[in-house]
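Here's the letter readout for the chains.
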Amino acid sequence: MAADPAADEPITAVIVDDHAAIAAGVRSWCAQAVPPIEVIDAGDRLADVWTDSGADAHVVIFDLELVPGRPDFGELRRLVDSGRRVVVYSQHADDVTVIKCIDLGALAYLTKREGSDHLVPAIRAAARGEPYTTPSLSGALISDDAPGRPRLSQRETEVLRAWFASSSKQLVAAKLNITVKTVDTYISRVRVKYANVGRPARTKSELVGRALDDGLITLAELNQTVTPL
Amino acid sequence: MSDAVEVRTLEQLRRGLRIATLLVAVAIVFGLGLSAMLRRLDVYEPALAQVAAFAVLGAVLAAEFVLLVRRRSWGAPRLAVIAVVLAASALSYATLPDGRTSTAVDWIFGAANWVGVVVLLDRPLRSSAVFLLAHEFTALVHLLVFDEPSREALARFATGSVSVVGFPLCVAVVATILHGLSAAAAASHRQIEEARVAEAVAAESHRRRQRRFAELSATTIPLLKGLADGSLRPEDPAVQRRCAIEAARMRRLFAEADTVQNPLLHELRHCADVADRKGVTVELDARGQWPAPPLAVRRDLTEAVLTTLATADSRARVTVVGSADLVSVSVVADCGEVDLPSPAAPGVQVETLKTDDMVWMEARWQPTRQLMNR
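Protein chains in written order, with this note's numbering: chain R, 1225 to 1453; chain C, 16 to 389.
Simulated from the structure, these hints should not be mistaken for lab results. All residues carry an ideal CB built from backbone N, CA and C; glycine is no exception. One thing to keep in mind: the hints can contain errors.
Computed, partial: chain C to chain R, Cβ under 7 Å [stated by the list, open to error]:
| hint | residue |
| --- | --- |
| 1 | Leu-53 |
| 2 | Arg-55 |
| 3 | Gly-303 |
| 4 | Val-336 |
| 5 | Trp-375 |
Straight-line distance between alpha carbons at most 27 Å, and here's what the computed DSSO-like set of lysine-lysine pairs gives [to be verified]:
| hint | chain 1 | residue 1 | chain 2 | residue 2 |
| --- | --- | --- | --- | --- |
| 6 | C | Lys-240 | R | Lys-1336 |
| 7 | C | Lys-293 | C | Lys-369 |
| 8 | C | Lys-293 | R | Lys-1405 |
| 9 | R | Lys-1393 | C | Lys-240 |
| 10 | C | Lys-293 | C | Lys-240 |
| 11 | R | Lys-1393 | R | Lys-1405 |
| 12 | R | Lys-1393 | R | Lys-1336 |
Simulated DEER-style distance windows between Cβ atoms [claimed, not checked]:
| hint | chain 1 | residue 1 | chain 2 | residue 2 | range |
| --- | --- | --- | --- | --- | --- |
| 13 | C | Ala-272 | R | Gly-1249 | 37 to 43 Å |
| 14 | C | Pro-306 | R | Arg-1301 | 34 to 40 Å |
| 15 | C | Glu-352 | R | Lys-1336 | 30 to 36 Å |
| 16 | C | Lys-240 | R | Lys-1336 | 42 to 48 Å |
| 17 | C | Pro-252 | R | Val-1404 | 52 to 58 Å |
| 18 | R | Ser-1252 | C | Arg-226 | 34 to 40 Å |
| 19 | C | Arg-226 | R | Ala-1444 | 38 to 44 Å |
| 20 | R | Arg-1375 | C | Ser-329 | 46 to 52 Å |
| 21 | C | Ala-272 | R | Pro-1292 | 32 to 38 Å |
| 22 | R | Val-1404 | C | Ser-329 | 45 to 51 Å |
| 23 | C | Ala-272 | R | Ala-1279 | 43 to 49 Å |
| 24 | R | Ala-1444 | C | Glu-352 | 46 to 52 Å |
| 25 | C | Pro-306 | R | Lys-1336 | 44 to 50 Å |
| 26 | C | Thr-367 | R | Arg-1352 | 52 to 58 Å |
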């Protein structure tokens, strides 16, 4: 089961993706990262995620559509339920699919296009059990109008919107006259709010628990949801 | 609009004929028919059957009157009504004294024919002809079976048939001709309408094209003139930038004429494509639903993107976030100085953020109509 890697231990990630070029690209980004991330290539064999070195990897990089057009939510749920920290790495998907991955307990959702900028930080965050919000996920969150979604503050929506538009936290910070750290705080708060609703998952409850402990958010703020009409 | 007048005139004529036919039928049934029947009520066996047959004809005429006033046609029950009229005719003949076919006592001979024609007036000629023949046949059967078909009786019947079949048939012929004329007039009216619409569309697109050329002339023509007379040098980066911007404007102009679901995104895609061809990597992402902005607003919203993309060095991100009361178009790109004309449409604001190597422009539009509804 996934546990936080020790301070000096390199992060390991297992990638499930049927395209060899994608796996090779990910391996190359991870090797060039400082410190490097060790990548285990499971190809399209889901079994390899559950056995040998794949089972010990800190993070699972999961291609949601091994069969094009048929997102495998069942496998994602099984991975999350057994405590794995999952980064969903997919072709561009619709907002509903993105939100569903987050609801199931994936810590990050990346489109293939966002890989070069965001995959390495997303893997690092996931290895620590922390969520990572890419601009595409941010876009899905601002256009989410499902009943029972968490109530976001105006500032949180502004930050999400700016992060989606600019894809640069420095630019968001400059535009909204806040620090990059504050930008991160607002984004994290949104993810905590989302972790607090919908289907229970261990990754989600850990996230909420830690946010409450750290004072990132209060219980009252957490429990505000948009009441269905 | 002479063709419309023609259609209307023919409609009036057909209605006039319908009224006239009904009046004739009423006069014959209630005038001649009723008086003939009542005068010798005692000779029928029984008289009640004749009264019933008369009541049927009277009811059909009354129904026609109601339909005429309400400007409706007989529709589906028409066949049943004709059957009832023929049944009334048969009933009347069955209770007619022998040897009296087509005499003054045989009142229905000259009455039921008109009632049938009234019902069949807006049908093809053959309907009326078949009905009249059926009615005629009923009378003939009575003549041959119950009377002694003497030469005199046959001559009387033949003379009577001229008016019984002939006159209503003339009316039916006129009705058919009028019907054909008004159908032809309506068809030609429709063709003329279609031609007029096509003409109006052509005139409108011509006007739009001219307006577009006028818009281009403000910015593109001077550039082309400068390049032609040598006052602008193609190797000058500023001139190259102007060319890129004008190329994108022209692409946008062409895209504006397309009929698409989401014109704003469509035009942005075209702007992005121009940059893409220059080798700039453009990401275009849109979220949410928004009302289609009018053309002037779309131009203001896309202008920032267009200008920034035309000057971008290597990469740009274009995003649209929309909702019912706010549409925001953002472009982030690695480009130098960008000078942007201020937005012309009301409700559009443009914000620019510049860092060392990046420019972020955001154009926002708040649909005022939506705000006023609040």
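We went through each hint and held it up to the structure:
1. Leu-53: violated (76 Å)
2. Arg-55: Since the shortest Cβ distance to chain R is 82 Å, the answer is violated.
3. Gly-303: holds (4 Å)
4. Val-336: Cβ of Val-336(C) sits 6 Å from chain R, so the hint holds.
5. Trp-375: For Trp-375(C), the interface hint holds, since the closest Cβ of chain R sits about 5 Å away, which is under 7 Å.
6. Lys-240(C) <-> Lys-1336(R): Violated, because 46 Å separates the two Cα atoms, which is more than 27 Å.
7. Lys-293(C) <-> Lys-369(C): Holds, because 23 Å separates the two Cα atoms, which is no more than 27 Å.
8. Lys-293(C) <-> Lys-1405(R): violated (36 Å)
9. Lys-1393(R) <-> Lys-240(C): Violated, at roughly 44 Å.
10. Lys-293(C) <-> Lys-240(C): holds (23 Å)
11. Lys-1393(R) <-> Lys-1405(R): holds (9 Å)
12. Lys-1393(R) <-> Lys-1336(R): holds (20 Å)
13. Ala-272(C) <-> Gly-1249(R): 37 to 43 Å: holds (41 Å)
14. Pro-306(C) <-> Arg-1301(R): 34 to 40 Å: Holds, at about 38 Å.
15. Glu-352(C) <-> Lys-1336(R): 30 to 36 Å: Check passed, 34 Å falls within 30 to 36 Å.
16. Lys-240(C) <-> Lys-1336(R): 42 to 48 Å: holds (46 Å)
17. Pro-252(C) <-> Val-1404(R): 52 to 58 Å: violated (34 Å)
18. Ser-1252(R) <-> Arg-226(C): 34 to 40 Å: violated (53 Å)
19. Arg-226(C) <-> Ala-1444(R): 38 to 44 Å: With a Cβ separation near 58 Å, Arg-226(C) and Ala-1444(R) fall outside 38 to 44 Å, so the hint is violated.
20. Arg-1375(R) <-> Ser-329(C): 46 to 52 Å: Once the Cβ atoms are compared, 40 Å apart, the range 46 to 52 Å for Ser-329(C) and Arg-1375(R) is violated.
21. Ala-272(C) <-> Pro-1292(R): 32 to 38 Å: With Cβ atoms ~35 Å apart, the hint holds.
22. Val-1404(R) <-> Ser-329(C): 45 to 51 Å: Check failed, 24 Å falls outside 45 to 51 Å.
23. Ala-272(C) <-> Ala-1279(R): 43 to 49 Å: Given a distance of about 59 Å, which is not inside 43 to 49 Å, the answer is violated.
24. Ala-1444(R) <-> Glu-352(C): 46 to 52 Å: 48 Å Cβ-Cβ, so the 46 to 52 Å window holds.
25. Pro-306(C) <-> Lys-1336(R): 44 to 50 Å: With Cβ atoms ~32 Å apart, the hint is violated.
26. Thr-367(C) <-> Arg-1352(R): 52 to 58 Å: Check failed, 37 Å falls outside 52 to 58 Å.
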